[in-house]
Amino acid sequence: MHAIRIIDLEKNFGEVKALAEIHLEIEKGEFFTLLGPSGCGKTTLLRTIAGFYQQDRGDIYIEDELINRVPAYQRNTAMVFQNYAVFPHMTVFDNVAYGLRVRKLPKDLVSQKVMTALKSVHLEGFEQRTPDKLSGGQQQRVGLARAMAIEPRVLLFDEPLSNLDAKLRIEMREEIKAVQKSLGITSIYVTHDQEEALVISDRIAVMNQGRIQQIGKPWEIYRDPQNIFVANFVGKINMLRMQLGAGAGNGFRHASLGKVELIIPAHGTEQLDTILAAFRPEDIDEVGAGGGGNTLTGVLRTVSFMGSVARFEVDVEGQSITIDRHRPREKDIPPIHAPVSFSIPPESILLFDPVSGKRLGKGPQP
Amino acid sequence: MRGNIRRADIWTFVTFIGFAIVVLFLIYPLFDIFRYSFVDKETGEFSFVNWLQFFSKKYYLRAFTNSMFVAIATTFFSMVLGIPLAFFTVRYRIFGSTFLTTLSVLALLSPTFIGAYSWITMLGKNGFLRTLFQSVGVNLPQIYGPLGIILADSLQYYPFISLMTAGALMTIDRSLEEASENLGARPTRIFFDVTLPMVIPSVTGGALIVFMMSLSNFGTPMIIGGNYLVLPTLAYNLFTSEISETPGMASTVSIILMLCASIVIVLQQWLATRRKYASMLVNRPVVKKLKGLRSVLAHGLCYGIVFLSTLPLAVIVYYSFRKTSGPVFQPGFSLASYRQIFFDVPKTVTNSFLYSLAAVLLIAGVGTLLGFVIARKKSAVVRTLDSLLMIPYIVPGTVLGIGFIVAFNKPPIYLTGTSVIIILTYFIRRLPYSVRSAASILKQIDPALEEAGINLGSPPGRTFRTITLPLMQGGIISGAIMSWVTSMNELSASILLYVGQTMTMPIKIYLLVVDGFFGTASAMSTILLFVTGVSMYVVNKYFTRGNETFLSA
Numbered sequence: 001m002h003a004i005r006i007i008d009l010e011k012n013f014g015e016v017k018a019l020a021e022i023h024l025e026i027e028k029g030e031f032f033t034l035l036g037p038s039g040c041g042k043t044t045l046l047r048t049i050a051g052f053y054q055q056d057r058g059d060i061y062i063e064d065e066l067i068n069r070v071p072a073y074q075r076n077t078a079m080v081f082q083n084y085a086v087f088p089h090m091t092v093f094d095n096v097a098y099g100l101r102v103r104k105l106p107k108d109l110v111s112q113k114v115m116t117a118l119k120s121v122h123l124e125g126f127e128q129r130t131p132d133k134l135s136g137g138q139q140q141r142v143g144l145a146r147a148m149a150i151e152p153r154v155l156l157f158d159e160p161l162s163n164l165d166a167k168l169r170i171e172m173r174e175e176i177k178a179v180q181k182s183l184g185i186t187s188i189y190v191t192h193d194q195e196e197a198l199v200i201s202d203r204i205a206v207m208n209q210g211r212i213q214q215i216g217k218p219w220e221i222y223r224d225p226q227n228i229f230v231a232n233f234v235g236k237i238n239m240l241r242m243q244l245g246a247g248a249g250n251g252f253r254h255a256s257l258g259k260v261e262l263i264i265p266a267h268g269t270e271q272l273d274t275i276l277a278a279f280r281p282e283d284i285d286e287v288g289a290g291g292g293g294n295t296l297t298g299v300l301r302t303v304s305f306m307g308s309v310a311r312f313e314v315d316v317e318g319q320s321i322t323i324d325r326h327r328p329r330e331k332d333i334p335p336i337h338a339p340v341s342f343s344i345p346p347e348s349i350l351l352f353d354p355v356s357g358k359r360l361g362k363g364p365q366p
Numbered sequence: 001m002r003g004n005i006r007r008a009d010i011w012t013f014v015t016f017i018g019f020a021i022v023v024l025f026l027i028y029p030l031f032d033i034f035r036y037s038f039v040d041k042e043t044g045e046f047s048f049v050n051w052l053q054f055f056s057k058k059y060y061l062r063a064f065t066n067s068m069f070v071a072i073a074t075t076f077f078s079m080v081l082g083i084p085l086a087f088f089t090v091r092y093r094i095f096g097s098t099f100l101t102t103l104s105v106l107a108l109l110s111p112t113f114i115g116a117y118s119w120i121t122m123l124g125k126n127g128f129l130r131t132l133f134q135s136v137g138v139n140l141p142q143i144y145g146p147l148g149i150i151l152a153d154s155l156q157y158y159p160f161i162s163l164m165t166a167g168a169l170m171t172i173d174r175s176l177e178e179a180s181e182n183l184g185a186r187p188t189r190i191f192f193d194v195t196l197p198m199v200i201p202s203v204t205g206g207a208l209i210v211f212m213m214s215l216s217n218f219g220t221p222m223i224i225g226g227n228y229l230v231l232p233t234l235a236y237n238l239f240t241s242e243i244s245e246t247p248g249m250a251s252t253v254s255i256i257l258m259l260c261a262s263i264v265i266v267l268q269q270w271l272a273t274r275r276k277y278a279s280m281l282v283n284r285p286v287v288k289k290l291k292g293l294r295s296v297l298a299h300g301l302c303y304g305i306v307f308l309s310t311l312p313l314a315v316i317v318y319y320s321f322r323k324t325s326g327p328v329f330q331p332g333f334s335l336a337s338y339r340q341i342f343f344d345v346p347k348t349v350t351n352s353f354l355y356s357l358a359a360v361l362l363i364a365g366v367g368t369l370l371g372f373v374i375a376r377k378k379s380a381v382v383r384t385l386d387s388l389l390m391i392p393y394i395v396p397g398t399v400l401g402i403g404f405i406v407a408f409n410k411p412p413i414y415l416t417g418t419s420v421i422i423i424l425t426y427f428i429r430r431l432p433y434s435v436r437s438a439a440s441i442l443k444q445i446d447p448a449l450e451e452a453g454i455n456l457g458s459p460p461g462r463t464f465r466t467i468t469l470p471l472m473q474g475g476i477i478s479g480a481i482m483s484w485v486t487s488m489n490e491l492s493a494s495i496l497l498y499v500g501q502t503m504t505m506p507i508k509i510y511l512l513v514v515d516g517f518f519g520t521a522s523a524m525s526t527i528l529l530f531v532t533g534v535s536m537y538v539v540n541k542y543f544t545r546g547n548e549t550f551l552s553a
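First to last, the sequence lines map onto chains Y and A.
Going by my numbering, the first sequence opens with residue 1, and the numbers climb by one from there.
Going by my numbering, the second sequence opens with residue 1, and the numbers climb by one from there.
Source of the hints: derived by calculation from the structure; they are not laboratory data.
A quick note: this is a predicted structure, and the numbers were derived from the prediction, not measured.
C-beta: ideal position from N, C-alpha, C; glycine also.
Be aware that one or more of the hints could be misleading.
[Unchecked claim] DSS-like, lysine-lysine: derived pairs with alpha carbons at most 30 Å apart:
(1) Y:K133 to Y:K28
(2) Y:K17 to Y:K358
(3) Y:K119 to Y:K107
(4) Y:K217 to Y:K167
(5) Y:K17 to Y:K167
(6) Y:K331 to Y:K28
(7) A:K125 to A:K58
(8) Y:K119 to Y:K236
(9) Y:K236 to Y:K217
(10) Y:K133 to A:K125
(11) Y:K17 to A:K541
(12) Y:K104 to A:K58
(13) Y:K167 to Y:K133
(14) Y:K119 to Y:K28
(15) A:K443 to Y:K17
(16) Y:K113 to Y:K133
(17) A:K58 to Y:K17
(18) A:K58 to Y:K133
[As the list claims (entries may be wrong)] Residues from chain Y shown here face chain A by an in silico Cβ test under 8 Å; the list is partial:
(19) A50
(20) F52
(21) Y53
(22) A78
(23) M79
(24) A85
(25) H89
(26) T91
(27) Y98
(28) I333
(29) P335
(30) I336
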């Protein structure tokens, strides 16, 4: 039995295709994230599961029950909202008790469950406060406790942390993950923040233009992206359009960009003339002039000091390449316009079809 | 799986009720008026004779040009009074500016006919100011006619302009003026380059409201206009003289009046869709302190304007306590006028209170439900209902009164002569304001709150009751109080619909003024003013959006 099963879901807003060909299976207790840029359809999908939107086509099952025709208030899917949606005219206690009272639970059971929920989000003693006396983070805890209290079949998170400041966001996401794991409630989490998605999720579905681009564990999404969109959206990646050349043996072949030559994996490139070769900034080893294999040399354009790394933008044959230098020291940073050389391990290069955008060949081990 | 599961819930029913109200109490009466405008009253057959007569006879056309002249002049003078008042009270420290605003709003909300007849007691044939000036050899011009209408209207309606301008001035982001100054502009230059362009949309918005109010005002021209006919008084006169026949000409005049009003509304809507500059920023402009002569002049100007507009009300209150003998005032004070009301016409007072109360309950209830549908349920059907609910804005009271008589004096519905028809007029005239105010309150309530309720298992009806309604409460009550005030003071439609048993205070005041019983009229007007003042006080005291609420009056 799957906690959630979605088959061929489609949703249109007038002419706009908001969701198309959505297939999903989410396991019980899983923390599943919908990741994508704004307008990609992730929130639409979440709200369709909650019953706020009606799909134009396709089926949604919760725990093997077809819920297409079940109204939102009977779906037992509790949502945590982006702007908290804490009822401003009720105390913290009444907020958390709301769903329980709707379910006509006896009074003592209501207060027992409210207390448990408040305890798990560290809001004991706040019962009689009104929401206007709470910080954003506290309000979102109330939202989370209110959703958990009804013991829903699925917890739905609609960008719950995006209104919080950076530090609190990190704190809260750890807390959400901990609470979710301890209760074992299946959760669907919507975010546009790729780092948040990687940290918090068991599995991620990357979405774009109403379609799912790839579903996988965080490692797979980052290390083994199946198309250009996923590669670009999750993390930083360099992409060079290169001409394919002769074979180099051992499953590798040559590729060139102007005067620059690289060795790249050959698998899947047989029918092509040009290729998009991609590699992540952290996979590049900066080398002294002339040293190392599979080396590119370019001119340093800018240096961005980001604390833990210094990010170099290097111009190679008119294309910009990003390199991260770890443990940076100011005295080690070369001057602007200086030549910089770096080598790229051939096995860390990912190849994409420049026409379809699809991944070619097999990726490195995640 | 395909298909739409939207089930008929409580909101489908509310939408249906909304359509039923609009069709029965707006479209049906207005269609009757439209039909009658094409009926020749001599033959009872279809003809264009009314329309031809309107555009060929000087008598009718004159009423049209009169209406335009009065409305344009009133708008102009309201701006002359309203803009400086707004500017000085917002930007400079004027002692007691809140008090001034309150007084001007009281003048705005008081029944129009009270101001008009108060000016008569001051500047009419035997008006005390007139006699006073005559005794020192100054002959003031005749107050009856256009001069009186424009005077009374401008002094009543200018707060629309001052309140809207003040609202805009208060929300201009201070950084904009600072940016202008920082880039080297001098104070006058800042005013003309930045400040003024920012408030122009609000000034124009206010001006259109004033134009509209003046155009459809019935009470003032009826009392102070003399022989000077404007469209509403022309329609009224024609209708009351045509009453036994088919009201052809009155219908034609009604439609012309509505066409003028529609043009103003279209203009207003067009303006509203254009950019508004009001910002939500808290970077409010600073209030400057004036010194010496400048301060004296600014205070003089603000107090002068507000004094002039409250003077008529003060005069009325004064006269209500004067001793009278029949229509003649005697020296000294007494409560005889009040005694007379409570012994002779207590029913008039209770009628006013009961009808207004009934109407307000309807207005608040139906308005809130329809407001919810319009704010939250987006569909072609709801959009249609929304535009249909605009109709009362373009239907002056006189026209609605005529429509109700012609429509509900024949099968299938007889209502004429009942209290129901008067309550319904109050209800219909005020409904769009109530719907709009409910919808705008809802726009400030995050829909996610309702979704959270639904999501937690609460059905739509319960969610509305436990979440939406408590959050709307303040807005609904303050809106209801405003509806109460306008209903208590309604004259233009009810004067066509009343019978002896269903007389209300505004009608009685009008009749008393016509018969010359100024004492009793003043006492009754004072009661209305008192009710208006108390209602305003309650709104101001207990609800934060006070002045905004008054604007929708």
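Going through the hints against the structure:
| no. | hint | verdict |
| --- | --- | --- |
| 1 | Y:K133 to Y:K28 | violated, 37 Å |
| 2 | Y:K17 to Y:K358 | holds, 22 Å |
| 3 | Y:K119 to Y:K107 | holds, 18 Å |
| 4 | Y:K217 to Y:K167 | holds, 25 Å |
| 5 | Y:K17 to Y:K167 | violated, 36 Å |
| 6 | Y:K331 to Y:K28 | violated, 53 Å |
| 7 | A:K125 to A:K58 | holds, 29 Å |
| 8 | Y:K119 to Y:K236 | violated, 39 Å |
| 9 | Y:K236 to Y:K217 | holds, 18 Å |
| 10 | Y:K133 to A:K125 | violated, 64 Å |
| 11 | Y:K17 to A:K541 | violated, 50 Å |
| 12 | Y:K104 to A:K58 | violated, 74 Å |
| 13 | Y:K167 to Y:K133 | holds, 21 Å |
| 14 | Y:K119 to Y:K28 | holds, 24 Å |
| 15 | A:K443 to Y:K17 | holds, 27 Å |
| 16 | Y:K113 to Y:K133 | holds, 23 Å |
| 17 | A:K58 to Y:K17 | violated, 62 Å |
| 18 | A:K58 to Y:K133 | violated, 69 Å |
| 19 | A50 | holds, 6 Å |
| 20 | F52 | holds, 6 Å |
| 21 | Y53 | violated, 11 Å |
| 22 | A78 | holds, 6 Å |
| 23 | M79 | holds, 5 Å |
| 24 | A85 | holds, 4 Å |
| 25 | H89 | holds, 5 Å |
| 26 | T91 | violated, 13 Å |
| 27 | Y98 | holds, 6 Å |
| 28 | I333 | violated, 38 Å |
| 29 | P335 | violated, 38 Å |
| 30 | I336 | violated, 34 Å |
Violation of the numbered hints given earlier is confined to hints 1, 5, 6, 8, 10, 11, 12, 17, 18, 21, 26, 28, 29, 30; the remaining hints are satisfied by the structure.
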